[in-house]
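Each chain, written out:
Protein chains: 2
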Amino acid sequence: MTIADASTTVDRVTTRFTTLFDHGITLDCGRRLGAITVAWEQYGTPNRDRTNVILVCHALSGGAHAAGWHEDGARPGWWNELIGPGRAFDTSRFCIVSTNVLGGCYGTTGPASIDPATLLPHGPDFPVVTIWDMVRVQRALLEHLGVTSLACVAGGSMGGMQALAWSVIHPEWVRSVVAVAATDRHSPRQIAFNEVARRAITADPAWREGRYEAGAGPESGLAVARMLGHITYLSEAGMERKFGRRARGPLGFVVGQPEFEVERYLDHQSAGFVKRFDANSLLYLTKAIDYFDLAEREGSLESALARTRARFLLLTFSSDWLYPPSQLERVARALDVVGRSVTYRCIRSDSGHDAFLLEHDRQAPLIRRFLGSGITSP
Amino acid sequence: MTIADASTTVDRVTTRFTTLFDHGITLDCGRRLGAITVAWEQYGTPNRDRTNVILVCHALSGGAHAAGWHEDGARPGWWNELIGPGRAFDTSRFCIVSTNVLGGCYGTTGPASIDPATLLPHGPDFPVVTIWDMVRVQRALLEHLGVTSLACVAGGSMGGMQALAWSVIHPEWVRSVVAVAATDRHSPRQIAFNEVARRAITADPAWREGRYEAGAGPESGLAVARMLGHITYLSEAGMERKFGRRARGPLGFVVGQPEFEVERYLDHQSAGFVKRFDANSLLYLTKAIDYFDLAEREGSLESALARTRARFLLLTFSSDWLYPPSQLERVARALDVVGRSVTYRCIRSDSGHDAFLLEHDRQAPLIRRFLGSGITSP
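In the order they appear, the protein sequences are chains A and B.
With positions in the first sequence counted from 1, the corresponding number in the numbering used here is that position plus 106.
With positions in the second sequence counted from 1, the corresponding number in the numbering used here is that position plus 106.
What the hints contain is simulated information worked out from the structure, not anything from laboratory work.
Be aware that one or more of the hints could be misleading.
No copy is singled out in the list; a pair is fine if it fits within one copy or between any two copies.
As the list claims (entries may be wrong) - As a list, the in silico SDA-like pairs of lysine to any residue whose alpha-carbon atoms are at most 20 Å apart:
1) K381 <-> A246
2) K348 <-> A246
3) K348 <-> P277
4) K381 <-> R439
5) K381 <-> G252
6) K381 <-> A223
7) K381 <-> G445
8) K348 <-> G321
9) K348 <-> G179
10) K381 <-> H466
11) K348 <-> S432
12) K348 <-> R154
13) K348 <-> D155
14) K348 <-> R291
15) K348 <-> L463
16) K381 <-> D456
17) K381 <-> T157
18) K348 <-> D399
Given the structure is predicted, the values throughout are model-derived calculations rather than measurements.
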């Protein structure tokens, strides 16, 4: 199979599935994993030399569905406003590829996938995966599709971490990077929030040490984890604007029921999430981002970034306290030290970490200008 | 019983228990509660007119044990460094009284107390309590002890909320207020964090709708709630300094076990907490602080504070993001508008919200100076 040559509108898209590594691969953790299926989508058309390919990488709860609409879909892709003809990631110029990460639960092999050896889900026997492993799987898919370099790797949050990792371990592939609301390594606070989320899941007896059946997972624990996640994705000012202290009706003096609007929001959001996300996947993906340290293979951030050959656009948001601007600022300074071309911008917004999925009008011109010229040449 | 006249050293203290409201009281929620036992401690000696009494009020997980050591105690009281002969709350001048709040689990009547009607713990049948209810019970205890006014009401976090409430509903009682790391009302973010903590508890099947037996409560859920609490009590910089990304040994590529030092800290702290705190109490006390709005009875913060006759010392900490300085700044501005004497200070610290229990050297001189003169006169 090669990448489809037919023009693809971003209105209607389908997810494709490709199986790679028929003979298995050894992951960072030292364990083997057999054939890996990758879910992926494509928006736009490759040029003859396939030099106009952009890889976009999703965040913790995302998937391959980055743009357009599925036939039965109620929601567009997670960066739909940024990907399309004439949009920031312009599908009339570029061919955008998006994959679900290794360890995910939206079509790519992960803990919920069936282990051919047992015909049961891998569950807790799934090997721990790293951001670097995710990148290896993405590269294998791209090679399989006849692609040998990337005009850009782009992503927000965990996706931005993948983009940075790409530029360091495959410098010959990556001509530019757009990393948004991301970091080179998690702070202890970011690790701590993830650990509470993981503990909420593993404390749920329905987790059963990870060996739950599909549809009978630790929904209560996963809901707690997701509620906490949502708090960290919003800013204090944004919550004040959105919810204040408003309550539906007078306070009921009841313990154990949501009353304030902010409580109802968390309840509603998490109730939807537990139906569509695998709890074990959340454990594995949060571990992957906690372990990630861009500097780890080279000893220092500067040495790691000295390997890169890309131009960088690094975007943060003023009210993002989960991935505070200081983290990508640190990366920008290190890139500057090693003489790489880097544009760093902190966008004023009260949307918190969620801003990378919401503030399209502020991101689009910066990305469009950055991708403007030259970088599709190999 | 009246307040003990004998001099009390703060070295060795005992908790006393007094039962009030033999005929019951009607709480803010409209429900009746029978006789209420209050756990309290005393440090220092009252003067003849009992005009030198200071009430200190504890935070969410505290109790009456504010200073000195219990006979079998491994830890001193929670404000031990601030209370004692020659200390900020000087027991050679003042008589300090500390109580466990209504709804608590350290000796005062709360959801874990036995309901005389059923001979079982109240559990989820305990009426919802408010900060105002806590204040009423404290006042009843003080009246019982022959006290009719307070030189000062002081407290941090939830304790600071009680101190502010005291000054508004019993202005004739309160000559000064020291409120630290507190607020006049919770923001939606503060409510949201509490709701996640509550959900972690109620999602634990061992919670049994609140009808668990003593020693068989929802320890897993309570641990998750406490882990989350600890994150919000620390600052990002403090966590960086304290833990960084250090791990005990190389990362184990294991899902579901604490590896990073910050994870071990949260695990250790929460494991101790679940042995000493009642999960239902946490539900009730977090509700009380979420409901609290100092302005609610008067329509505006200014109108509420116009009732007060006290002088105010309001202290915040620069890195406290759970109770951000802006909250007590708002109270200070409102006090200024209505012409009250107020000293507001934001203390530079990287200890986050925990600073009110840690930064003694920075708080002590401010409190000592504030309490310096005049205010013991009725």
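Do the hints match the structure? See the list:
no. : hint          : verdict
1   : K381 <-> A246 : neither (31 Å within a copy, 51 Å between copies)
2   : K348 <-> A246 : neither (43 Å within a copy, 40 Å between copies)
3   : K348 <-> P277 : neither (43 Å within a copy, 35 Å between copies)
4   : K381 <-> R439 : neither (42 Å within a copy, 47 Å between copies)
5   : K381 <-> G252 : neither (36 Å within a copy, 60 Å between copies)
6   : K381 <-> A223 : neither (27 Å within a copy, 43 Å between copies)
7   : K381 <-> G445 : neither (47 Å within a copy, 55 Å between copies)
8   : K348 <-> G321 : neither (33 Å within a copy, 41 Å between copies)
9   : K348 <-> G179 : neither (27 Å within a copy, 46 Å between copies)
10  : K381 <-> H466 : neither (28 Å within a copy, 48 Å between copies)
11  : K348 <-> S432 : between (26 Å within a copy, 19 Å between copies)
12  : K348 <-> R154 : neither (48 Å within a copy, 54 Å between copies)
13  : K348 <-> D155 : neither (48 Å within a copy, 52 Å between copies)
14  : K348 <-> R291 : between (31 Å within a copy, 17 Å between copies)
15  : K348 <-> L463 : within (17 Å within a copy, 33 Å between copies)
16  : K381 <-> D456 : neither (29 Å within a copy, 40 Å between copies)
17  : K381 <-> T157 : neither (39 Å within a copy, 61 Å between copies)
18  : K348 <-> D399 : between (35 Å within a copy, 19 Å between copies)
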